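S.K.: Given chain A, work out where chains B, C and D should sit, using these hints.
Letter by letter, the chains look like this.
4 protein chains.
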Amino acid sequence: MPVISRFPVRYAETDQMGVVHHAAYVPWLEQGRVDWLAELGVSYAELERSGVYFPVVGLELAYRRALRFGDTVGVETRLSELASRLLVFAYRVFREGDAEPAATGRSVHVPQDAAGRVRRLPEDLYERLKAAAERET
Amino acid sequence: MPVISRFPVRYAETDQMGVVHHAAYVPWLEQGRVDWLAELGVSYAELERSGVYFPVVGLELAYRRALRFGDTVGVETRLSELASRLLVFAYRVFREGDAEPAATGRSVHVPQDAAGRVRRLPEDLYERLKAAAERET
Amino acid sequence: MPVISRFPVRYAETDQMGVVHHAAYVPWLEQGRVDWLAELGVSYAELERSGVYFPVVGLELAYRRALRFGDTVGVETRLSELASRLLVFAYRVFREGDAEPAATGRSVHVPQDAAGRVRRLPEDLYERLKAAAERET
Amino acid sequence: MPVISRFPVRYAETDQMGVVHHAAYVPWLEQGRVDWLAELGVSYAELERSGVYFPVVGLELAYRRALRFGDTVGVETRLSELASRLLVFAYRVFREGDAEPAATGRSVHVPQDAAGRVRRLPEDLYERLKAAAERET
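Residue numbers (the working numbering), protein chains in the order written: chain A, 1 to 137; chain B, 1 to 137; chain C, 1 to 137; chain D, 1 to 137.
Isolated chain A, as found in the complex (with noise of 0.2 Å):
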């Protein structure tokens, strides 16, 4: 089951155009998976801690229709592919009360360590997601 993540638009994420800005865009999805994990036991500070980072190596969204100061946004993620050296999260970024999403997104994260270096997942957490992701699909 995908979490949902929610908070008003900030009136500082409004530009000149009247409408939320694109870039306002990436720490909410950024949000919507730290909730992800959150929902599944695993807090990301802690993770970080444990010497376990999830650096963003790809990012992708499409911007349907405009969001604005006023608007309650709700974003949807769901962890969409893993391997043990790779995660992808899929986001859908929706105005409350809309059946439609205003925006959809990806994240492609490779695990790192505290030096920047590609590790593997560790086993557990690997295992919890694994269980996780296949629960949403």
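Derived by calculation from the structure, the hints in this document are not laboratory data.
Note that the structure is a prediction, hence the values are computed from the model and not measured.
Glycine included, C-beta positions come from ideal geometry on N, C-alpha and C.
Check each hint, because a few of them may be wrong.
[To be verified] Quick list of the computed label-pair ranges, beta carbon to beta carbon: (1) Glu-96/D / Gly-18/A: 25 to 35 Å; (2) Ala-114/A / Ala-115/B: 43 to 53 Å; (3) Arg-65/D / Glu-123/A: 53 to 63 Å; (4) Glu-46/C / Thr-104/D: 28 to 38 Å; (5) Arg-65/D / Arg-49/C: 18 to 28 Å.
[To be verified] Taking beta-carbon pairs under 8 Å as the criterion, some of the chain D residues facing chain A (in silico): (6) Ala-12; (7) Thr-14; (8) Asp-15; (9) Gly-18; (10) Phe-69; (11) Thr-72; (12) Ser-84; (13) Phe-94.
M.R.: What follows is chains B, C and D alone, placed relative to chain A:
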């Protein structure tokens, strides 16, 4: 010939991984296309005042090597695709002095009017963009 | 009674010092006053549509202890000063669970119309703000 | 002599009021003091690597006139106060071509080590800063 935008990494653009946060690249690409247009003699600020907007409908980024505070960034921008209702810009982000890009990206734009309706590019602008795009191939 | 806004620290809000960057607090205060107004039944989005803007003319922040990714932030907002052409909001930013604020701040606003001219607050809005400010003292 | 940092307003720095959002000035001031230090031959990136951090403990901004996308910004920075455990920078933000500042500001810093403990400035750095501050008065 692609246009190069240069600027220092801002401290605020770093994150606790000690490198530039992946969201910080998005305004860099935007500055890249603003500078590309300026090089062609087109002020994006004036373009908007004349009722032509280039909202982002698609965005892709591939991050290859981390950038750090203290680095000077160069964004190389070119127009890679053009139709009367579509513009695609392609970017290569370099750390000054490096031969290989730190990141590559693409942004897709659909021209709109002030009310957010899709519109054709003004003919003269289209011709100038077309000529510039051809010089870059 | 002050209004409390709560949200998690975003990863993008950290910097290479490993703590929340000082600029990230500024949109938090903004969210604080938007929520304070909402609690009063005033939508800032609608206020702007009706031609009343509260641009920031002054801002002060004192940072007392660092906040970190993983922390939940609470922003306590109150209206500390009010005149027909002036609003001052005061803020205390807490890390959830702490008794002492991590930061305190103040923002000064002058009501403007859509053209950027100083204007008086609408009478009924002024009365509601006044009553709320008095309840907070 | 104050040091001037120059850069274009970024589109992402605007908000739906059609002007630069007040939070966007904060990284500008930061760039101002980084450039001020660089002018003195001090790399803030290296300073941190040597264990000297200048976290912001206080920040003040007064916004006098709006800045817009299309404007070139100049930030004039000087060191206005110095003690062995305190630095205060003062800033004037200009729109290029204007005689009057668009904003003025101040940031207060307490030197820290990597663990976040207050520390004295290294003696040689203190002397260089002192000499520079005196030249500016």
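S.K.: Could you run down the list of hints and mark each one as holding or not?
M.R.: Against the structure, the hints:
1. Glu-96/D / Gly-18/A: 25 to 35 Å: holds (26 Å)
2. Ala-114/A / Ala-115/B: 43 to 53 Å: holds (50 Å)
3. Arg-65/D / Glu-123/A: 53 to 63 Å: About 60 Å separates the Cβ atoms of Arg-65/D and Glu-123/A, which means 53 to 63 Å holds.
4. Glu-46/C / Thr-104/D: 28 to 38 Å: Distance hint for Glu-46/C, Thr-104/D holds at roughly 33 Å.
5. Arg-65/D / Arg-49/C: 18 to 28 Å: The hinted range 18 to 28 Å holds for Arg-65/D and Arg-49/C, with Cβ atoms some 24 Å apart.
6. Ala-12: With Cβ-Cβ at 5 Å, under 8 Å, it holds.
7. Thr-14: It holds, given that the least Cβ distance between Thr-14/D and chain A is near 4 Å, below 8 Å.
8. Asp-15: Cβ of Asp-15/D sits 5 Å from chain A, so the hint holds.
9. Gly-18: holds (5 Å)
10. Phe-69: holds (6 Å)
11. Thr-72: Status violated, d = 17 Å.
12. Ser-84: Violated, about 33 Å.
13. Phe-94: Given a least distance of 21 Å, the restraint on Phe-94/D is violated.
The structure is inconsistent with the numbered hints 11, 12 and 13, although it conforms to all the rest.
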